[in-house]
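With the hints as extra help, turn the sequences into a complete structure.
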Amino acid sequence: MFDAPYPFCNVGSASTTSKNPYKKIFYKFYARKRTYLVTFECYAFEVVAVKFCDVKDKRSKKAYHRIFDDGDAFRVIGTCFYIMLAYWRKNPNVNFVFYASLRDITEELLSKKTLALEQVPSFIANYQKTRYRIYRYGMVNLFSYEYFTAYSDRENCVYALINNPEHRQSFCNHK
Amino acid sequence: MKNHATPKKSARIMRTDKGKAMSAKHKTAANVLLSGKKEQITSFNFEIITPAMQMAERNNVYRFFAL
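Which chain is which? The protein sequence lines are A and B, in order.
The first sequence maps to residues 3 to 177 in our numbering.
The second sequence maps to residues 309 to 375 in our numbering.
Because the hints were derived from the structure by calculation, they are not lab data.
This one's a predicted model, so the numbers in the text were calculated from it and none came from an experiment.
Backbone N, C-alpha and C define an ideal beta-carbon position, used for all residues, glycine too.
Treat the hints loosely; a few may be bogus.
Across the chosen pairs, the derived CB separations fall in these ranges [to be verified]:
hint, chain 1, residue 1, chain 2, residue 2, range
1, B, 350, A, 136, 20 to 30 Å
2, B, 374, A, 116, 38 to 48 Å
3, A, 136, B, 368, 12 to 22 Å
4, A, 113, B, 351, 26 to 36 Å
5, A, 113, B, 363, 40 to 50 Å
6, A, 111, B, 355, 24 to 34 Å
7, A, 94, B, 371, 11 to 21 Å
8, B, 368, A, 156, 18 to 28 Å
9, B, 371, A, 92, 18 to 28 Å
10, B, 353, A, 64, 19 to 29 Å
11, B, 374, A, 6, 11 to 21 Å
12, A, 19, B, 370, 36 to 46 Å
Structure representation (structure tokens):
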């Protein structure tokens, strides 16, 4: 699922006019039907927020809400994980965080489902948080507790990987 | 489509390296999270995923990334 990333490249970075994020780093890769732009926003305390969107949508308000039926979603998401790996290798003290935006649900979709009334709220919650569940699945499977402590907020769809100080210590000693 | 090719730097994006600093307010991750609820303060409720939870939850097909 996540083990066949597309080739990617770093396309530059830019400092911002703010303290947070103080810098943005850009990567891009060509997927099956479109080109993706991955943005790493660098915040204080070596926190990096990861975002990706179709490069054509980079100025759109809906850039991070759109979903494409290209048949390569896991490969696209997997590529973002491999970009995180590349960044982590260069910056071993990095902490990663992501917010998975909610998936839009329509009345039309709900009307097509044959759900009991009491099942509707849980179906809506699960449907809206699909992105979060997929990203979390990748994080849990690829980023080990030996290197990061994982913090998960299901309610707000936020996930954070905080560098383990013990590992940081051993890494520094090893160096 | 330039499928499976290693992408090249585009001139437009590269210009950010040398140009003026960007406005940070435009679509930061925090803005995406807070969109639609500007007046609210988000209260977070983080749960720590312990090693035991992670091992129970994960699919052993995958290998962890390592430095």
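Consistency of the hints with the structure:
{"no.": "1", "hint": "B:350 / A:136: 20 to 30 Å", "verdict": "holds (22 Å)"}
{"no.": "2", "hint": "B:374 / A:116: 38 to 48 Å", "verdict": "holds (46 Å)"}
{"no.": "3", "hint": "A:136 / B:368: 12 to 22 Å", "verdict": "holds (18 Å)"}
{"no.": "4", "hint": "A:113 / B:351: 26 to 36 Å", "verdict": "holds (34 Å)"}
{"no.": "5", "hint": "A:113 / B:363: 40 to 50 Å", "verdict": "holds (41 Å)"}
{"no.": "6", "hint": "A:111 / B:355: 24 to 34 Å", "verdict": "holds (30 Å)"}
{"no.": "7", "hint": "A:94 / B:371: 11 to 21 Å", "verdict": "holds (19 Å)"}
{"no.": "8", "hint": "B:368 / A:156: 18 to 28 Å", "verdict": "holds (24 Å)"}
{"no.": "9", "hint": "B:371 / A:92: 18 to 28 Å", "verdict": "holds (21 Å)"}
{"no.": "10", "hint": "B:353 / A:64: 19 to 29 Å", "verdict": "holds (27 Å)"}
{"no.": "11", "hint": "B:374 / A:6: 11 to 21 Å", "verdict": "holds (19 Å)"}
{"no.": "12", "hint": "A:19 / B:370: 36 to 46 Å", "verdict": "holds (40 Å)"}
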